[in-house]
Amino acid sequence: MARTDIGPPDFRTMLPEAIKANYGNWQYHEILNPGVMRHTAKGGAQLYTVRVGSPRLISVDFVRDLCEIADAWCDGFLRFTSRANVEFMTPKKENVDGIIAAAKKLGLPVGGVGDCISNIVHTQGWVHCHSAATDASGLVKAIMDDLYDYFTEFRLSSKIRIAVACCINMCGAVHCSDLAVVGVHTKPPKVDNSRVPSVCEIPSTIRSCPTGAIRKNPDGEGVVVNRERCMYCGNCYTVCPAMPLSDAEGDGLAIFVGGKVSNARKSPMFSRLAVSYLPNNPPRWPEVTSTLRHIIEVFMTHSRKYERMGEWIERIGWERFFTLTGIEFTDDHVDDFTMATESYRSSMQFRW
Amino acid sequence: MSSTPLLDDLENGRWPSFVKEIKRAAKNNPAAKDLLGIVELSYKEKVTHWKHGGIVGVVGYGGGVIGRYSDVPKMFPAAEQFHTVRVNHPSGWFYDTKSLRKICDIWEKQGSGITNFHGSTGDIILLGTRTENVQPCFNELSDAGFDLGGSGSCLRTPAGCIGPARCEWACFDTLDFVNDVTQSFQDELHRPRWPYKFKIKASGCPNDCVAAIARSDFTLIGTWRDSLVIDNEEIKKYVAKGVNMREDIVDRCPGSSLSYDEKTQTLTVRPDECVRCMHCINKLTKAIKIGSKRGATILIGGKAPILRGAFLSWVLVPFMELKPPYTEIKDLLAKIWDWWDEHGRNRERIAETIARTGLKEFLKAMGIKPVPQMVKHPRSNPFVFYNR
Numbered sequence: 001m002a003r004t005d006i007g008p009p010d011f012r013t014m015l016p017e018a019i020k021a022n023y024g025n026w027q028y029h030e031i032l033n034p035g036v037m038r039h040t041a042k043g044g045a046q047l048y049t050v051r052v053g054s055p056r057l058i059s060v061d062f063v064r065d066l067c068e069i070a071d072a073w074c075d076g077f078l079r080f081t082s083r084a085n086v087e088f089m090t091p092k093k094e095n096v097d098g099i100i101a102a103a104k105k106l107g108l109p110v111g112g113v114g115d116c117i118s119n120i121v122h123t124q125g126w127v128h129c130h131s132a133a134t135d136a137s138g139l140v141k142a143i144m145d146d147l148y149d150y151f152t153e154f155r156l157s158s159k160i161r162i163a164v165a166c167c168i169n170m171c172g173a174v175h176c177s178d179l180a181v182v183g184v185h186t187k188p189p190k191v192d193n194s195r196v197p198s199v200c201e202i203p204s205t206i207r208s209c210p211t212g213a214i215r216k217n218p219d220g221e222g223v224v225v226n227r228e229r230c231m232y233c234g235n236c237y238t239v240c241p242a243m244p245l246s247d248a249e250g251d252g253l254a255i256f257v258g259g260k261v262s263n264a265r266k267s268p269m270f271s272r273l274a275v276s277y278l279p280n281n282p283p284r285w286p287e288v289t290s291t292l293r294h295i296i297e298v299f300m301t302h303s304r305k306y307e308r309m310g311e312w313i314e315r316i317g318w319e320r321f322f323t324l325t326g327i328e329f330t331d332d333h334v335d336d337f338t339m340a341t342e343s344y345r346s347s348m349q350f351r352w
Numbered sequence: 001m002s003s004t005p006l007l008d009d010l011e012n013g014r015w016p017s018f019v020k021e022i023k024r025a026a027k028n029n030p031a032a033k034d035l036l037g038i039v040e041l042s043y044k045e046k047v048t049h050w051k052h053g054g055i056v057g058v059v060g061y062g063g064g065v066i067g068r069y070s071d072v073p074k075m076f077p078a079a080e081q082f083h084t085v086r087v088n089h090p091s092g093w094f095y096d097t098k099s100l101r102k103i104c105d106i107w108e109k110q111g112s113g114i115t116n117f118h119g120s121t122g123d124i125i126l127l128g129t130r131t132e133n134v135q136p137c138f139n140e141l142s143d144a145g146f147d148l149g150g151s152g153s154c155l156r157t158p159a160g161c162i163g164p165a166r167c168e169w170a171c172f173d174t175l176d177f178v179n180d181v182t183q184s185f186q187d188e189l190h191r192p193r194w195p196y197k198f199k200i201k202a203s204g205c206p207n208d209c210v211a212a213i214a215r216s217d218f219t220l221i222g223t224w225r226d227s228l229v230i231d232n233e234e235i236k237k238y239v240a241k242g243v244n245m246r247e248d249i250v251d252r253c254p255g256s257s258l259s260y261d262e263k264t265q266t267l268t269v270r271p272d273e274c275v276r277c278m279h280c281i282n283k284l285t286k287a288i289k290i291g292s293k294r295g296a297t298i299l300i301g302g303k304a305p306i307l308r309g310a311f312l313s314w315v316l317v318p319f320m321e322l323k324p325p326y327t328e329i330k331d332l333l334a335k336i337w338d339w340w341d342e343h344g345r346n347r348e349r350i351a352e353t354i355a356r357t358g359l360k361e362f363l364k365a366m367g368i369k370p371v372p373q374m375v376k377h378p379r380s381n382p383f384v385f386y387n388r
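So the protein sequences, as listed, match chains A and B. Heads up: the first sequence begins at 1 in this note's numbering, then just goes up one per residue. Heads up: the second sequence begins at 1 in this note's numbering, then just goes up one per residue.
Treat each hint with caution, since some may be false.
Stated by the list, open to error - With a straight-line Cα cutoff of 25 Å, these simulated DMTMM-like cross-link-like pairs (lysine to aspartate or glutamate) come out:
hint : chain 1 : residue 1 : chain 2 : residue 2
1    : A       : Lys266    : B       : Asp105
2    : B       : Lys98     : A       : Asp10
3    : B       : Lys283    : A       : Asp149
4    : B       : Lys44     : A       : Glu287
5    : A       : Lys216    : B       : Glu348
6    : B       : Lys23     : A       : Asp61
7    : A       : Lys187    : A       : Asp331
8    : B       : Lys283    : A       : Glu314
9    : B       : Lys27     : B       : Asp105
10   : B       : Lys27     : A       : Glu68
11   : B       : Lys23     : A       : Asp336
12   : B       : Lys74     : A       : Asp192
13   : B       : Lys376    : A       : Glu314
14   : A       : Lys305    : A       : Asp149
15   : B       : Lys20     : B       : Asp105
16   : B       : Lys286    : A       : Glu30
17   : B       : Lys51     : A       : Asp247
18   : A       : Lys187    : A       : Asp336
19   : A       : Lys266    : B       : Glu348
If you're looking for bench data, these hints aren't it; they were derived computationally from the structure.
The shape of chain A in the complex, shown without the other chains (with noise of 0.2 Å):
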């Protein structure tokens, strides 16, 4: 039998000798490109870093590929970034050309440091989840072949940091992005009652609806769902198997702006709805890929230097947001969640 409770292996085996022997010491860094970054650490030594994008879905060939990469030139040890990216670390600035021209020759684009679009933080959509409202590897390949220059190039004056999520769960940092795209679904659950008693427990799936909207059906066995009170949140469905809420044709995306969690200049930010719906149109998702496009060509004609999307609609203010970019200001945009009377202005410090 395998040991359990062992836990992961001990970092510090992992690391290479370049780091070890200056861990604590670094003293600053320098972004040489937009795929390399040098740190100096007190007493001089160097460390050089190129960074990769990867499509986080991968098989075990790539991460071999990658192995390779790294007992060439890294002396055996890579790491990877919180956004699926990898990254090759050397203290020798004579590897640099090296890892990089294997990394392009794996088809792998080098860049995503500093004032970039770096790698898109997802979940995994079609590919693995039962409550996915869209796939996510898909949406984020059709995004980063449309947004590509924006990885390997410096075009911007502040990061942008997108993420995808298939569904209203939004696994991953999806409520507090500059962009995100989110699945969402549009119908009440179909409640299947011949299953529901069975597969399901009555009083938890009843109070899983964060709006009441589900009750005891009057009629028979299982629950009823309320279609006015039903946000197409889906909690019942993980609650209870017996009504899914996929839709081929309600389901769409939804797309938010301005989150931030760095604390740089202006605190950390949730994202904020753009836009309510978009339909769902796989391979390419074109009506999600140009919205983004054209969000980001905006941003970036009006923004100032350092800008995160979060601070330029702060100071612009959001109706001057919806004026530059066109995007059509609906009633879907007004909260009416449970914090909503937050979000409404009582000032007369506006624009037109």
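Based on these hints, arrange chain B on the given structure of chain A.
Showing chain B alone in chain A's frame:
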């Protein structure tokens, strides 16, 4: 003609393709081949073909494996069972290639050969295996020195930023902390028994590179109590290179704590007014350094919108020194879990329990004295539950 025309389209374009990756795995693996068929069907029909959960696991654990079954088993029998195995990553996502190759070999033998490096919480995600392979897969991973991550209503795999391994702004050792807390709470991680999931993330500075404030119930963000440090010789060099100190640095300071003297090319800080946002430090990496009295702010409650709405973590302890063996923070965690176990409802994240009972009650239970750093402003209503 190809049987997957929609997915084939995603092999084109400059960004590396996940479809190519599934096809690579599919060359030797029938489950990966059938996965391709299932995903193509979803692309065609615009609905998912994965069924809701299913209990699958390894002996001794209550989590770590997520059962997954397809709803089209007749069409794609090899991927009917496509369970996920979560593998706890080493802190900072550092690897030696020997370990990575070992994981690859195990997964090629015991599963589909398809994986995520990494999932949103931080684990290595091994995607797609059958029930009978789950235990052997875990046995081999364990022999290779790896263990499963968290799933269900437990402590999820803790994660942190790169910290002192390669960052000059690490105010505490995020990697050591994550490793220590993961090892200390193995029981909480592997055996779900709480109202819902509980995530811990650690960022070494207020840039928060792992989004700890948004993505973890228990958030550590590095900070310092004394003044940041300015090297005016380096400032002069930045000015010579064309940096506009007034517009790009001084005017952007949220605490209005910086002044710049054009004549002497000197930047000064009023430490009491600095809010440690990181802007000037980020932009002038050679000239401005973090302070030396370092520790972390502990925040609580970060989560995505399900169910009562999204929360960014709230300040709980404005400053704590973080040194091994981290006794103070482990005691606090134990106290939090005890309280949440008692007061939390089923599927209620800690922020929702606190929102329901009130921060005041929570602070009382924790024995933490309220301080103004915890709130944006005091209450604006007079409805105090006086207790005098």
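Earlier hints that do not hold, by number | 1, 11 and 19
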